[in-house]
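Protein chains: 2
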Amino acid sequence: MNDIKTLVVLSGGIDSTVLTYDYINAGRDVYAISFDYGQRHNKELECAAITCEKLGIPQKIVDITEIKDIMYSSALTGNGTVPEGHYEDASMKSTVVANRNSILINLAMAYAITQDINRVAYAAHGGDHAIYPDCRPEFVLALKALAAKVHYTPIYIEAPYLMWRKEDIVKRGIELKVPFIDTWSCYKGDKLHCGKCGTCVERLEAFKLNNIKDPVKYAKK
Amino acid sequence: MNDIKTLVVLSGGIDSTVLTYDYINAGRDVYAISFDYGQRHNKELECAAITCEKLGIPQKIVDITEIKDIMYSSALTGNGTVPEGHYEDASMKSTVVANRNSILINLAMAYAITQDINRVAYAAHGGDHAIYPDCRPEFVLALKALAAKVHYTPIYIEAPYLMWRKEDIVKRGIELKVPFIDTWSCYKGDKLHCGKCGTCVERLEAFKLNNIKDPVKYAKK
Numbered sequence: 091m092n093d094i095k096t097l098v099v100l101s102g103g104i105d106s107t108v109l110t111y112d113y114i115n116a117g118r119d120v121y122a123i124s125f126d127y128g129q130r131h132n133k134e135l136e137c138a139a140i141t142c143e144k145l146g147i148p149q150k151i152v153d154i155t156e157i158k159d160i161m162y163s164s165a166l167t168g169n170g171t172v173p174e175g176h177y178e179d180a181s182m183k184s185t186v187v188a189n190r191n192s193i194l195i196n197l198a199m200a201y202a203i204t205q206d207i208n209r210v211a212y213a214a215h216g217g218d219h220a221i222y223p224d225c226r227p228e229f230v231l232a233l234k235a236l237a238a239k240v241h242y243t244p245i246y247i248e249a250p251y252l253m254w255r256k257e258d259i260v261k262r263g264i265e266l267k268v269p270f271i272d273t274w275s276c277y278k279g280d281k282l283h284c285g286k287c288g289t290c291v292e293r294l295e296a297f298k299l300n301n302i303k304d305p306v307k308y309a310k311k
Numbered sequence: 091m092n093d094i095k096t097l098v099v100l101s102g103g104i105d106s107t108v109l110t111y112d113y114i115n116a117g118r119d120v121y122a123i124s125f126d127y128g129q130r131h132n133k134e135l136e137c138a139a140i141t142c143e144k145l146g147i148p149q150k151i152v153d154i155t156e157i158k159d160i161m162y163s164s165a166l167t168g169n170g171t172v173p174e175g176h177y178e179d180a181s182m183k184s185t186v187v188a189n190r191n192s193i194l195i196n197l198a199m200a201y202a203i204t205q206d207i208n209r210v211a212y213a214a215h216g217g218d219h220a221i222y223p224d225c226r227p228e229f230v231l232a233l234k235a236l237a238a239k240v241h242y243t244p245i246y247i248e249a250p251y252l253m254w255r256k257e258d259i260v261k262r263g264i265e266l267k268v269p270f271i272d273t274w275s276c277y278k279g280d281k282l283h284c285g286k287c288g289t290c291v292e293r294l295e296a297f298k299l300n301n302i303k304d305p306v307k308y309a310k311k
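Residue numbers (our numbering), protein chains in the order written: chain A, 91 to 311; chain B, 91 to 311.
Treat each hint with caution, since some may be false.
Given that identical chains are not distinguished, each listed pair holds provided it fits within a single copy or across any two copies.
[Claimed, not checked] Below, a list of computed lysine-lysine pairs in the DSS-like style, where the Cα atoms sit at most 27 Å apart:
1) K239 to K303
2) K133 to K158
3) K95 to K158
4) K158 to K234
5) K150 to K278
Don't read these hints as lab results, they were simulated from the structure.
One chain only, chain A, in its complex shape (with noise of 0.2 Å):
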């Protein structure tokens, strides 16, 4: 698998920055693509950039504010309040945008056929199920699938983390020295973590589990 030549989509967040370093261990020709949905939380998109340049992979921004007013006017872009608690409460529903990954892994593949790379990987993991239907297993199966139709010739999608939960991808993070400062979990888009949403509870847990302290900074309870 060495050399070959892959696109990560990469976020900024813990998720897709364990996954680019792991590739890049792995010795395969690693291209990011990462996207700007309007989210609040564009801190995302400057650790995604500082990656890449430590790194030394190109990067690819797309910016897709443009669409955002067709997925759901949800917490992440819109102006509700977001909500605080565990991902895998009710509460979080209103963090869904509808049909992302499918969106986001699609606009992928196309910039992958012009760059003629045939493998897109991205970091979808367990912990995601609960709320998001475009993480579940299933859906990467049919993704799989469909990816093998779209073109003259069959794209490639990995999803490498399917079955691990957040924890194990903190843990395979800290295996390869990734250095968690460059990353951004928070909804919120203050300068300091939060704390105390969804995303910041799943990421403090996931560090907890492994004995280690979270590098990043977290605003004061």
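Following the hints, complete the assembly by docking chain B onto the known chain A.
Just chain B now, kept in the frame of chain A:
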């Protein structure tokens, strides 16, 4: 199937316009979605708007010009020369926009989800198989399978003309009394249809095979 809410992907070309009339004829509760992806032939979009107005159906226009740069810089959106000749010629491959149909249908699905619509219809048909990978039956089957998994409840993709030829669609349009004057096909964005590009050639053939005259005006040869 009557009264069932259905979102039709309406470009303003013959195929999707006939499809829209077909669904109205069947008593469906039709909604239309049209995409502006920076194509030269934006007369298509004007035609789509006219059809929606005449039929009294709501139309959503989505501006996706920002994402066109990640697709091929093809003849349809770039500054390349629009090839002339028959659709099935190799030169027509330059009119392929990478992964276009999958992106558009996935965006349509996102809009459908926000509008509580669970059926998305588009007018893929047999005549396009030769050059567009994402018009082939196996692609549509894979897309249907994906659509069943993108949301909490399935989205149904309908492509009733999939095995039809262009002339079959024109025949159906004649039966439904579709005003073909409200459709646009030419890939060149001139005032009149050029009569020479792949889609004009295909259009002229389809009318000829039905022994009727195309009501749109063509540029003098």
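> Of the numbered hints stated previously, which ones are contradicted by the structure, given in increasing order?
Replying inline: Violated: hint 1 alone.
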